[in-house]
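Asks: The primary structure of each chain is shown beneath.
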Amino acid sequence: MTHPTTVPARLPGEWRIPYQYTIGTFASAFFDALREQRILGCRCGQCGRVAVPPKSFCEFCFIPVEELVEVGKEGVIEAVTVVTAPFAGSPPVPYAVAYVRPDGATSAICNYLQGVDLDLEDGLNEALRIEARVKMVFRDDPEGRVTDFWFEPLSPAQ
Amino acid sequence: MQAVIAGYHVLPPEPDIPMALDEMIYTATSGALRDAGLGIADVSGSFMAASDLYDGRAISTMTLTGSTGSFRRNEMRVCTDSLAALMLAVADIESGVSDAVIVCTWSKLSDADRDAILPLGLEPVYSRGLGFHPGVALALRTSAEQAAPTRLAPTAVRSVDVATALILTRLTPGRRRRADVVGIGASTGPYLRPGAPVLAPVAKAAAAALTSAGRKAGDVSRVRVAGMQHLDDAPIADAVGVPVDLIARRPERYVDLGYAAGLHALLSGLEPPDSGITLVIAGGGLSMETAYAAVVETP
Chain F
0 MTHPTTVPAR LPGEWRIPYQ YTIGTFASAF FDALREQRIL GCRCGQCGRV AVPPKSFCEF
60 CFIPVEELVE VGKEGVIEAV TVVTAPFAGS PPVPYAVAYV RPDGATSAIC NYLQGVDLDL
120 EDGLNEALRI EARVKMVFRD DPEGRVTDFW FEPLSPAQ
Chain X
0 MQAVIAGYHV LPPEPDIPMA LDEMIYTATS GALRDAGLGI ADVSGSFMAA SDLYDGRAIS
60 TMTLTGSTGS FRRNEMRVCT DSLAALMLAV ADIESGVSDA VIVCTWSKLS DADRDAILPL
120 GLEPVYSRGL GFHPGVALAL RTSAEQAAPT RLAPTAVRSV DVATALILTR LTPGRRRRAD
180 VVGIGASTGP YLRPGAPVLA PVAKAAAAAL TSAGRKAGDV SRVRVAGMQH LDDAPIADAV
240 GVPVDLIARR PERYVDLGYA AGLHALLSGL EPPDSGITLV IAGGGLSMET AYAAVVETP
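One line per chain: the protein sequences are F and X, in this order.
With numbering that gives the first Met the number 0 as the guide, the letters of the first sequence map in order to residues 0 to 157.
With numbering that gives the first Met the number 0 as the guide, the letters of the second sequence map in order to residues 0 to 298.
Wrong hints could be hidden among the right ones.
From chain F, some residues computed to sit far from chain X (all C-beta separations above 10 Å) [said to hold, decoys possible]:
(1) 1
(2) 2
(3) 5
(4) 73
(5) 88
(6) 103
(7) 117
(8) 120
Taking beta-carbon pairs under 10 Å as the criterion, some of the chain F residues facing chain X (in silico) [said to hold, decoys possible]:
(9) 12
(10) 19
(11) 22
(12) 54
(13) 55
(14) 58
No lab work stands behind these hints: they were computed from the structure.
Positions of the beta carbon are idealized from the N, C-alpha and C atoms, including for glycine.
Same shape as in the complex, but just chain F (with noise of 0.2 Å):
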C-alpha cells in the first residue's frame, strides 16, 4: 500500500473543566447591590474616573481605590451590535448586546439590549445609535448575577 484510502476519522473527545472563580471584595460588593437593583462603580481617588463595573485599582493611574460609588441606572450606549449569527449557547438570534456608559461613570458595562424591533429590514433601528440613551432595567428577582439586568431604550418622552 503506497497511500491510505479510508476516510479520515474523527474521535469524540472533550474538555470539561470546573472552576470556582475568587472574584475579590469589589466585585463581590458588585454583585451584591445587583440584588438591590443598584450599580455600583469604583472612583480613583488620583484622577477621579468612576469605572463600572469597579475594581480594587485604577487601571490608568496604577494605583489603589478605596470608593464605591453607586451610578444611575440610565446612561449611554457606547457601542452596539445586532447579533444574526447564532453561536452556541447564545440566545436565539437576533439579539443586540451594548456597552454603556451609566450616568456617572467613566467607563461602560456590557449587557443585552431589549425592547427593540431587531427585525427591520431597511436598517437599524433608531434606538440604536452611538450615544442614544437606555435605562438599566433589573429581573423582579435579582439573584446577583450579571444576567440580573439589561438595557432598554428611553422612550422619547423621558
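For chain F, the structure is supplied; the task is to place chain X on it using the hints.
Replies: Just chain X now, with coordinates in the frame of chain F:
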C-alpha cells in the same frame, strides 16, 4: 549581558489567597514598581508567564491587562515557565528597545481542579485516550533513558496560589539594583529516545546560561531549582555539573507553582540576597522536554 532587577514583589504562595486573580497580580506588579522606586509611566511593557488552564481564562493576558501593567503598553506572554518570560524581557532591555519592563507571573489553582487540568497536557488521541496520569510521561522517559522498567509512585504535590513580579531595567546609575541577570539559556530536547538523558535539556539550558554569562559550573555558588518535583537533587546536580549540596529548593519541593516556579525560585534567592553566582533552572513540559536557565549575581 547585564539587565538589572531593580525591584520585585512576591505574593507568598498559599493554598487559597482570597483575592481575585487581577488583584493578586496588581499586588505583585505594583509592589515590584514600588520596590524599584519607579512608577507605571516608567515602564514600556510587560512580559508574563501564565497558563490559561490554571487561570480558567482563554488568553488570560487579555482579561488581565490592567493588573499586569500592560494597559496601552507592549505585552508578551509565554505559556511556559516564567524564566522564558524573563529571557524575552532581557532581550528587550539588551536590544535597547526598552529601558524598564515588568516581568510577572501567576497561578491560581484554588480556582481550578488540578486533577482535571493536568491530563489536558497529554496528547489527545493516543495518550489522553488511555486515561493515564501525566506523570507517566516522565516515568516512561526515564525508563527509555535507563533501558529498564520504572515505577511511578504517588506523589503528593500541593496546589497553591501565587503571583510574582520583578522590574527589569537597563543598568542606570542612581537606579536601584537588587540583582543582575548576567546569563540566560534555553533548550528543548527529544520527547522520548532510548538512552537519551531525561535531563539533557536542563543540562543544555544551564550550560548555555553559564556560557552567556562568561562563567563555568565551577563558579556557581548555588543552583535554585524550579518545579521538577519528581526529580531528586542528585541527578539535577549531575546534569548541571555541580555538587549536590549546591542544589536549593524553596519554598519546598512538592508544591505546584505552575509557570511561576522559575521566577519564584529566582526571587527566593534575593531575600536574603544570595552571595556569589546563582544559577536558576526550570524544567518544563510533562517530562522535562524543555528547560530554561538564568544566571544571577547580587551586586
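Asks: None of the hints should be skipped; say for each whether it holds.
Replies: So, going through the hints one by one against the coordinates:
1. 1: 24 Å, holds
2. 2: 20 Å, holds
3. 5: Given that every Cβ of chain X is farther than 10 Å from that of residue 5/F, nearest at about 16 Å, it holds.
4. 73: 26 Å, holds
5. 88: At roughly 14 Å from the nearest Cβ of chain X, residue 88/F sits farther out than 10 Å, so the non-interface label holds.
6. 103: 21 Å, holds
7. 117: At roughly 28 Å from the nearest Cβ of chain X, residue 117/F sits farther out than 10 Å, so the non-interface label holds.
8. 120: 36 Å, holds
9. 12: 5 Å, holds
10. 19: With a closest approach of 6 Å, the residue 19/F hint holds.
11. 22: 5 Å, holds
12. 54: Nearest chain X Cβ about 7 Å off; hint holds.
13. 55: OK, holds: residue 55/F within 10 Å of chain X, min 5 Å.
14. 58: At about 3 Å, which falls below the 10 Å cut-off, the nearest Cβ of chain X leaves the hint on residue 58/F intact, so it holds.
In this structure, none of the earlier numbered hints is contradicted; all agree with it.
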